[in-house]
Amino acid sequence: MQTNRRDFMKLAGFAAAMGVAMPAFARASKLPIGRVVIIGGGYAGATAAKYLRMWSLGAIEVVVVEPNRQFVSCPLSNLVLGGSKSIDDLTFGYQLLKSNHGIQWVQDQVTAIDVDAKKISMTRGELSYDRLIIAPGIDFIYDSLPTLQSAEAQKQVPHAWKAGWQTVNLRKQLEAMPNGGVFVMNVPGAPYRCPPGPYERASQVAYYLKNNKPKSKVIVLDANAEIISKKGLFSKVFNDMYAGLIDYRPSNALVAVDVASKTVTTEFDVVKADVLNIIPPQRAGKPAQLAQLNNVDKRWCEVDFLTYESKLASNVHVIGDAVSAALPKSAHMATNQAKICANAIVQLMAGLAPDPAPVFANTCYSYVSDKSAMHVANVYRYDEAKKIMVSAEGGGVSAAPSEKEGAYAAAWATNIWSDVLT
Amino acid sequence: MKKFIITTAIIGLISPIIVWASDANLEANNVHIRSLAASCAACHGTLGNTIKSNRSEATGNIPTLAGAKKDDIITKLQAFKSGERTATVMHRHAKGLTTDEITALAEYFSAQLPHVPAPLTSQKLRVDHAN
Chain D
1 MQTNRRDFMK
11 LAGFAAAMGV
21 AMPAFARASK
31 LPIGRVVIIG
41 GGYAGATAAK
51 YLRMWSLGAI
61 EVVVVEPNRQ
71 FVSCPLSNLV
81 LGGSKSIDDL
91 TFGYQLLKSN
101 HGIQWVQDQV
111 TAIDVDAKKI
121 SMTRGELSYD
131 RLIIAPGIDF
141 IYDSLPTLQS
151 AEAQKQVPHA
161 WKAGWQTVNL
171 RKQLEAMPNG
181 GVFVMNVPGA
191 PYRCPPGPYE
201 RASQVAYYLK
211 NNKPKSKVIV
221 LDANAEIISK
231 KGLFSKVFND
241 MYAGLIDYRP
251 SNALVAVDVA
261 SKTVTTEFDV
271 VKADVLNIIP
281 PQRAGKPAQL
291 AQLNNVDKRW
301 CEVDFLTYES
311 KLASNVHVIG
321 DAVSAALPKS
331 AHMATNQAKI
341 CANAIVQLMA
351 GLAPDPAPVF
361 ANTCYSYVSD
371 KSAMHVANVY
381 RYDEAKKIMV
391 SAEGGGVSAA
401 PSEKEGAYAA
411 AWATNIWSDV
421 LT
Chain A
1 MKKFIITTAI
11 IGLISPIIVW
21 ASDANLEANN
31 VHIRSLAASC
41 AACHGTLGNT
51 IKSNRSEATG
61 NIPTLAGAKK
71 DDIITKLQAF
81 KSGERTATVM
91 HRHAKGLTTD
101 EITALAEYFS
111 AQLPHVPAPL
121 TSQKLRVDHA
131 N
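Protein chains in written order, with the numbering used here: chain D, 1 to 422; chain A, 1 to 131.
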């Protein structure tokens, strides 16, 4: 073990001096210095797998456990509702990721996690690990929305907040809605996955209605006191670009949903919908709950921001939307956390200290039509005193949505998909 | 002159140590900079190899960073940082970086080998997908 570790460090040092990664060189290296099991193959999990293999020069064995055969992107999935993208444009396989980086892949569901014995159970077998990364995404909380608990109810009233058939279902309902129909959607109280996402969705639905069903409208019931992301920009889009089409109602939390009549009761209103889209409140995905790591409000997972190691279990890391952080739960952020985590694990498994001052950037685009988009962008750096990531100077939002930024948003998607999946 | 020769000889003797120490610093710096550089991949591609898509005219404006000249990267980032050069989004990122980080990122990306990334093609969503 000692020799392998030293050899690995020599390789790592050499590659570092060269300033390049050499996965082929690494694949020729000897026994692995340890095994990392990653639960979840979304933006966070897939990225962590790739960069662990790249930066350890193949010295760390990586096994990903993911129940789905395909990756479906949540970013851009609101465009499926607007009609300018199909779900098949956002669906990809894992083949290139696996073969390019020598990642082992198990298509299965995790049923138990034993952090003391350092092993996980799946429906078909067990896996032991030296370090575990849980990248579970989100799970919906139906405690306050019991009528939406069943799969059948979610067919009638889709969430479409995990991209896939739910997205397709909501698009079909929108297409079948008569001109003059009412599309009702909610925004859950923050924090939730993708802060600007619900407002982008309202814009995409309005874009479709404006061009196809101009007598219809969108009612947005927001549990928050105001638009919580890109507020000035979305207000202008709602009031100018889609004047008369979007009825935005802040401080309007859901109280009850009647599925059969598609009627929503809020603290102030009773609203009947032709098409109803309920985005439930969220918490860390099921695997994080299995390991009992969702200690913040029983929803999110507290981690060390230098390593993304859980504050509750050693050698277990949590990344992506499941993390409790005062940071936007975006895809770019999930990949950043994955990279900081992978970087730290490569160091730790070689007996070295992780980067004491991580820095990363977040760029998040929202499309307000088929072609126009706007951004919010920030650099975040680790604050040693507060022990969290804080915004650096210079962050902010677009002056206005534009087609130029729409093209950049498309380029963002193309490049991040390739970064995560090849 | 004699003093100079002696000093030079001493530096010569200890220089392997200096080199070793600077390698260790380089390694530590590389660990910091490689994850920051990886953050740029969302638009600039893995290790700075940007994917240029035919479908999107703006990708032509997103430069490939792999193998770019170090001084060019520094000049551009500094111009974004100072506000001398306008952008849709790059000024936000450049302003958040320190001058040392800009230099280290330029060194890192200029040392990467440029190549055309393997194409990723989308597929039909399978009926058994969970959501």
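Rather than coming from a laboratory, the hints here were simulated on the basis of the structure. Don't take each hint at face value.
To be clear about the criterion: a stretch of chain A counts as covered by chain D if any three or more of its residues have a C-beta under 8 Å from a C-beta of chain D, and this derived list gives those stretches [as the list claims (entries may be wrong)]: (1) 66-75; (2) 84-98.
Under 10 Å between C-beta atoms, here's a sample of chain A residues computed to sit facing chain D [stated by the list, open to error]: (3) 50; (4) 78; (5) 79; (6) 81; (7) 117; (8) 119; (9) 125; (10) 130.
The C-beta atom is built at its ideal place from N, Cα and C for all residues, glycine as well.
Outcome of the hint check:
1. 66-75: violated (count 0)
2. 84-98: holds (count 9)
3. 50: Check passed: Cβ of residue 50(A) comes within 6 Å of chain D, closer than 10 Å.
4. 78: At 13 Å from the nearest chain D Cβ, residue 78(A) fails the 10 Å test, so the hint is violated.
5. 79: It is violated, given that the least Cβ distance between residue 79(A) and chain D is near 14 Å, above 10 Å.
6. 81: holds (8 Å)
7. 117: holds (6 Å)
8. 119: holds (8 Å)
9. 125: This hint holds: residue 125(A) lies near chain D, its Cβ roughly 5 Å from the closest one there, short of 10 Å.
10. 130: Residue 130(A) check passes; min Cβ-Cβ to chain D is 6 Å, inside 10 Å.
Hints 1, 4, 5 from the earlier list are contradicted by this structure; the remaining hints agree with it.
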